[in-house]
Amino acid sequence: MGKTYDSEKEVAESISNDLKNEIFLFIRNWQKSRAWLMTRRKDSREIMRPVGSFIEKDWSVGTITQDLHLKTKHIANDAITGYLWVEVDNPRYGRMDFPRNVWMQGQAELMHDDQKVKDFFTKRAAATGRGDAHPTDDTYKRILIKTRPQYLRAEGFYKDEPMRAIIIRDFNQPITLSDESIISQLNDFAE
Amino acid sequence: MGEVWDKEKQIDPKDSESYRSDIYEFISKYHSTTLSFMMTMRKNGQSIMRPVSTFVEDWHIFTISQHHQLKVNHVKNNPNVGYMFIDNGGPAYMPLGYTKNVWVAGICEISYDQDEIADFFVRREKSTGQGDAHPHDESYTRVLFKTKPTYLRAEGFAEHARPVVYKDF
Chain A
0 MGKTYDSEKE
10 VAESISNDLK
20 NEIFLFIRNW
30 QKSRAWLMTR
40 RKDSREIMRP
50 VGSFIEKDWS
60 VGTITQDLHL
70 KTKHIANDAI
80 TGYLWVEVDN
90 PRYGRMDFPR
100 NVWMQGQAEL
110 MHDDQKVKDF
120 FTKRAAATGR
130 GDAHPTDDTY
140 KRILIKTRPQ
150 YLRAEGFYKD
160 EPMRAIIIRD
170 FNQPITLSDE
180 SIISQLNDFA
190 E
Chain B
0 MGEVWDKEKQ
10 IDPKDSESYR
20 SDIYEFISKY
30 HSTTLSFMMT
40 MRKNGQSIMR
50 PVSTFVEDWH
60 IFTISQHHQL
70 KVNHVKNNPN
80 VGYMFIDNGG
90 PAYMPLGYTK
100 NVWVAGICEI
110 SYDQDEIADF
120 FVRREKSTGQ
130 GDAHPHDESY
140 TRVLFKTKPT
150 YLRAEGFAEH
160 ARPVVYKDF
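Protein chains in written order, with numbering that gives the first Met the number 0: chain A, 0 to 190; chain B, 0 to 168.
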């Protein structure tokens, strides 16, 4: 089409595949990126708020909520969720001067089982050093929101043309990086 | 309720008004430190979000698009849209590092009227220095999204992580 459109169009699938590890590490790096979760109300309108998030190698994303939070009710009524991740304190890309960003849309499940929640904290603590964020507050029940992705759109990752969107639609192949390699690469980013 | 909940519960509506001008000023910044992302919905009911430019007048949010962009079709099919405004430069208001952020849901109207769009570029240029971002690209028709807000949720303006919510604009 035109020059503007060409600079923004989706990249080839082979490029998206090559960038999967980098996008995964970007989402996993909670110190360098911020996450917002979208849920839907009963009237189908979306709402977003900041959350903590933890992505696993099968691309599923976990967020801890409380039984009395509205987002818990929203997901019980409508399983469609979305995450926006935005990078902080890093170089920006493109003519709009944006930081790298990722949108992921998926289907969420609420996990009420205490053992599953505990397992999630254990896994997250091993990978990031963050277990239960509020270990001394016993006034609420922890619930795990587990989102399985259906669609991912990332910008700023294709260095030749950073405004072009990277789209991932197939999440059947898990990330094959070892835990040690992930931690090592995230530590490198932190330095 | 508990300690965590008390730091996250909504600000009482009668106390929310004191934040209105700060929140308006925040979303009105033209992607310098405030970044904006727009959400639209596909035909299959799935939502999608991408970075956009925004210009705000009297709480209405304006974004320029191209006639062949997917988001134009999305809005034609479903005028419910959302905007996420994020502070990419300010101080964090909570331990996870979150900075000010505002979610706005609204109803979007699409304008193809090129006179109205030319007038929009003039107003935006006067206010921000940015008129038509691609004046030499004639390969597409400019389209203007005009979103009337119906719901706003802002964090980082009141104490802790307590959101301010507006439904009246």
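Hint data in this document are derived by calculation from the structure and do not stem from the laboratory. In this text the structure is predicted, and so the values were computed from the model without any measurement. A virtual CB, placed ideally from N, CA and C, is assigned to each residue, including glycine. Any given hint might turn out to be false.
Quick list of in silico lysine to aspartate or glutamate cross-link-like pairs, EDC-like style, CA-CA up to 16 Å [said to hold, decoys possible]:
hint, chain 1, residue 1, chain 2, residue 2
1, A, Lys145, A, Asp42
2, B, Lys166, A, Asp136
3, B, Lys6, A, Asp137
4, B, Lys28, A, Asp136
5, A, Lys2, B, Asp5
6, A, Lys122, A, Glu179
7, A, Lys56, B, Asp136
8, A, Lys140, B, Asp136
9, A, Lys2, B, Asp167
10, B, Lys6, A, Asp136
Facing chain A, a subset of chain B residues (Cβ under 10 Å, in silico) [stated by the list, open to error]:
hint, residue
11, Ile10
12, Ser15
13, Met93
Against the structure, the hints come out as follows:
For a cut-off of 16 Å, the pair hint linking A:Lys145 to A:Asp42 is broken: about 23 Å separates their Cα positions. Distance restraint check for B:Lys166 and A:Asp136: the Cα-Cα separation of roughly 32 Å exceeds the 16 Å cut-off, and the hinted pair is therefore not satisfied. Note on B:Lys6 and A:Asp137: the hinted pairing holds, with a Cα-Cα distance of about 15 Å set against a maximum of 16 Å. Restraint check for B:Lys28 and A:Asp136: the C-alpha separation of about 38 Å exceeds 16 Å, so the hint is violated.
Between A:Lys2 and B:Asp5 the alpha-carbon distance is near 51 Å, which puts this suggested pair outside the 16 Å criterion. Note on A:Lys122 and A:Glu179: the hinted pairing holds, with a Cα-Cα distance of about 14 Å set against a maximum of 16 Å. Among the hinted pairs, A:Lys56 with B:Asp136 is inconsistent with the structure: their alpha-carbon atoms are about 42 Å apart, more than 16 Å. Proximity of A:Lys140 to B:Asp136 is assessed by CA-CA distance (about 55 Å); at most 16 Å being required, the pair is judged violated.
Between the alpha carbons of A:Lys2 and B:Asp167 the distance comes to roughly 41 Å, so the proposed pair goes past 16 Å and is violated. Restraint check for B:Lys6 and A:Asp136: the C-alpha separation of about 12 Å stays at or below 16 Å, so the hint holds. At its closest, the beta carbon of B:Ile10 sits 14 Å from a beta carbon of chain A; the interface hint therefore is violated under the 10 Å criterion. Given the 10 Å rule on beta carbons, the hint for B:Ser15 is violated: about 16 Å separates it from the nearest Cβ of chain A.
The beta carbon of B:Met93 is positioned within 10 Å of a beta carbon in chain A (closest approach about 8 Å), and the interface hint is therefore held.
Hints 1, 2, 4, 5, 7, 8, 9, 11 and 12 from the list above are not met by this structure, while the remaining hints are.
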